[in-house]
Amino acid sequence: MNAPVDFDPVKDAFAKPLDQIDVSDPQLYRDDIWYPYFARLRRDDPVHFCESSFMGPFWSVTKYRDIMQVELNHAAFSSSSTFGGITLRDRPAELELPMFIAMDPPKHDEQRKVVQPIVAPANLLRLQETIRERVGIILDGLPRNETFDWVDRVSIELTTSMLATLFDFPFEDRRKLTFWSDCATMDIRAGGYIDSEEKREEVFRECLGYFVKLWNERVNSPGADLVSMLAHGEATKNMTPREYLGNLILLIVGGNDTTRNSISGGVLFMSQNPREFQKLRDDPKLIDSAVPEIIRYQTPIAYMRRTAIADVEIGGKTIRKGEKVAMWYVSGNRDEEAIDRPNEFIIDRARPRQHLSFGFGIHRCVGNRLAELQLKLLWEEILRRFPAIEVVGPARRLYSSFVHGITHLPVRIPA
Amino acid sequence: MSNMPKVTYIEYNDTAHEVEVPLGLSVMRGAIDNNVPGIDADCGGECACATCHVYIEPEWQDKIGVPEPGSQEASMLSFAAVTQPNSRLSCQLQMREDLDGLVVRMPEGQH
Chain D
1 MNAPVDFDPV
11 KDAFAKPLDQ
21 IDVSDPQLYR
31 DDIWYPYFAR
41 LRRDDPVHFC
51 ESSFMGPFWS
61 VTKYRDIMQV
71 ELNHAAFSSS
81 STFGGITLRD
91 RPAELELPMF
101 IAMDPPKHDE
111 QRKVVQPIVA
121 PANLLRLQET
131 IRERVGIILD
141 GLPRNETFDW
151 VDRVSIELTT
161 SMLATLFDFP
171 FEDRRKLTFW
181 SDCATMDIRA
191 GGYIDSEEKR
201 EEVFRECLGY
211 FVKLWNERVN
221 SPGADLVSML
231 AHGEATKNMT
241 PREYLGNLIL
251 LIVGGNDTTR
261 NSISGGVLFM
271 SQNPREFQKL
281 RDDPKLIDSA
291 VPEIIRYQTP
301 IAYMRRTAIA
311 DVEIGGKTIR
321 KGEKVAMWYV
331 SGNRDEEAID
341 RPNEFIIDRA
351 RPRQHLSFGF
361 GIHRCVGNRL
371 AELQLKLLWE
381 EILRRFPAIE
391 VVGPARRLYS
401 SFVHGITHLP
411 VRIPA
Chain L
1001 MSNMPKVTYI
1011 EYNDTAHEVE
1021 VPLGLSVMRG
1031 AIDNNVPGID
1041 ADCGGECACA
1051 TCHVYIEPEW
1061 QDKIGVPEPG
1071 SQEASMLSFA
1081 AVTQPNSRLS
1091 CQLQMREDLD
1101 GLVVRMPEGQ
1111 H
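As given, the protein sequences belong to chains D and L, one line each in that order.
Counting in my numbering, the first sequence runs without a single skipped number right up to 415 at its last residue.
Counting in my numbering, the second sequence runs without a single skipped number right up to 1111 at its last residue.
Bound conformation, chain L alone (with noise of 0.2 Å):
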């Protein structure tokens, strides 16, 4: 029996791949990791590129929140095309366990 908390990944054609991501791991990850399509993260998980942005689903906003005003993750967003107030870079988002179940959707195109 697994316990590892799971987060889907919707595709901006809407097919949703849902996968085990360990605690501590981004977000980010665990879409690389399974192969899951329609994110980026060009630059590994520094922060750094704005290719791994995915849209948070309403009802996992309140746990997950915006960005800090002036982070680099701010920052890095405000330069990615399509933004949404919903908007997050997933390699910014680590895994926790009240985070089970979570589901992010994907834009068109990680530019």
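Chain D extracted, bound-state conformation (with noise of 0.2 Å):
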């Protein structure tokens, strides 16, 4: 932390002059603070411009509903990543990385819905023995009386074993995947090991030589995997190599940072809430409900960009055509308009679903009912097993304005 010891934030969110709070900079979610100051925006400029910031000027969306009507107005407001895709941050042209979340239809739906059977119900049910043997066996593997990581050992773990699975990855080679994810989304000055968009670069190339290799293999004997779909889809077996990288990434990116940090968010919260804890433990079926409280409440994407392609009146705001706008899916999460004691992490709310962490319209999130499937699982798992999980330290999180992240948690698990 780099704050004064007596740093307040919300006397500062509620003290400092409008224009000048940027809620893009990725110390008020290393610092955990980003709280106040959305509550300061919703109440005195819900649809806030912020001239200049690291990322340039941009506009962000902070209510529920002011947010909803932007993901359906994808006529005027676009995330083509010609214009810079779905993160505030402009990469140069020529590092331009197309990817279906990062097109406008047709192309958007025509290559979603060659990825999309992947998740189909059948699926789903085909997967679910896999994944409750996978997390049985990481879970089985902790230690007792002794404190350990469980981003490490449990979230990642899991996850890039899903995401292996899904593209039939070699199983050994796993924590690549994790590692490509990490690169493709850190901030260049968080002071980890993307330090430039060169070096992005050059692990973007060690990626997709390892992901051509599986295309090649799969070209001529497909399976049922992710890369065996693109490969054959009509939509995306003529993609250029530069967009074949980018829906890897998107997929890689989607399928681990996301449910990673919602099964350490879960594990703090519990700890955080004993009394919901308990409520859980008393009734396992209230885990159906607990799981979407659990994403509402960490909301692993804070936001999601789009740029407007048409002047376009938004909370009694004018966004002017080619500005920058960021629906800020952890503020609308925490509208008090939209939902009830939205500070709360309740598990059983009437209805949990609706909360912004997956999008809505077009581009919301296509693997959601996997991640609340593996969220579902390793609940079941967890009670079944471990009468406490203590959480024994503070949670170290990332510095990162778009994934909304915890990188380190410390528990003890009882004898």
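The reader is advised that the hints may include incorrect statements.
Said to hold, decoys possible - To be clear about the criterion: a stretch of chain L counts as covered by chain D if any three or more of its residues have a C-beta under 8 Å from a C-beta of chain D, and this derived list gives those stretches:
(1) 1019-1031
(2) 1066-1076
(3) 1104-1111
Rather than coming from a laboratory, the hints here were simulated on the basis of the structure.
Please read these numbers as outputs of a predicted model, since none were measured by experiment.
Positions of the beta carbon are idealized from the N, C-alpha and C atoms, including for glycine.
Starting from two chains that each stand alone, build the complex the way the hints lay out.
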């Protein structure tokens, strides 16, 4: 933490002139002090323009209803990578990374439909026993009476294994997926391995090289995996290597960073809310509503960006053609006008799936039910084994305003 | 005496629920307000999630029709699982007098 000890984020958020609030500052998320800044914006300036930030000028949409409006108006709010895609930072044109989440209809629709069967109900049913078995192995391998990092041992291990299965990726190399995922979203100012776009491109080349080999194998002998689907899909089989890379990165990040952080967040929230955890232990059927509540409360992707391709009015403000807009899911999910007692973690809400964490409209998360399934099976197996998971130190958080992540969570499971 | 139109929702396991749905309310809302299982409606009726997917029984198909090509409903339905030619998003079906007695079936899951 860089902030001085007596720094009060609530005071700061409510005293600051509005035009000095920059919610894209990754420090707010690393220090876990983002909340009051959005509370201020929702109250005083729900559609807010930030003139100068590291990401350049951008609009913030902070209320649930307004976010839904932007989501639904994909004709005026483009996702296309040709305008900068779905994250606030504009990359140089030669580094443009096309992927279906960063495309508009009709191409978006065509490519999305190629991979969609991987999460069809029948396939999820087929995956269920594999996931449960894997969860069991991971949990049974955890130490007792000893502090360990839940993120590394459980959250990363489970999501990366899942992804390896979906890609039919060599299992022993699965941590490469974790590495590529982390590199793809890492803020170059975070002090991590990726400190320049050149370095990121280097990692991308390694990732593409590995996956081109898998593509070539599966052109001739396809399986039921994502690489085979891409290699044989009408809308994807003639992709450029850059587009293949983009879609891989999308699927890798989508399957890794998101569920990982909901797995970590869930353990943290249960430890901070012992009465809710008790409720869950008393009635394990509540897992069905606890899972979407964990996903809402964590909000693993803090925002998605759009670019206005026409002048549009949202919440009384006019957004001009060419301007960037961030839909802050992390804020909409705490909007008291849309969600009852939004700051409380309540595992038995009446409508737990009314949250923004998966986005809405045509870009709504394609893997949402797989994410829920993994969390559900994990919590079922946790309840079956452990009476308690003690969080024994502070969570460390990711320096990023896009991936809302927990990097370390020290826990101890009593014997 | 009630003259409110009725809708019958049939779950995937064939359990039928007959519910009164006020004119102008959506078929989705009728299910949610009466705790009919099998319709999720994650987005609350914005045509933004495709989790209120129903199959229209054949005898009602002509009255209900199909989603307009190029509409948000057509687009969202194209991303839904297990769709059929008689698939609709029930949040887009407003209750009318001539729909009294409508019968819809729910898919195995809303995803």
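A quick look at each hint next to the structure:
no. : hint      : verdict
1   : 1019-1031 : violated (count 0)
2   : 1066-1076 : holds (count 3)
3   : 1104-1111 : holds (count 3)
The structure shown violates just one earlier hint, number 1.
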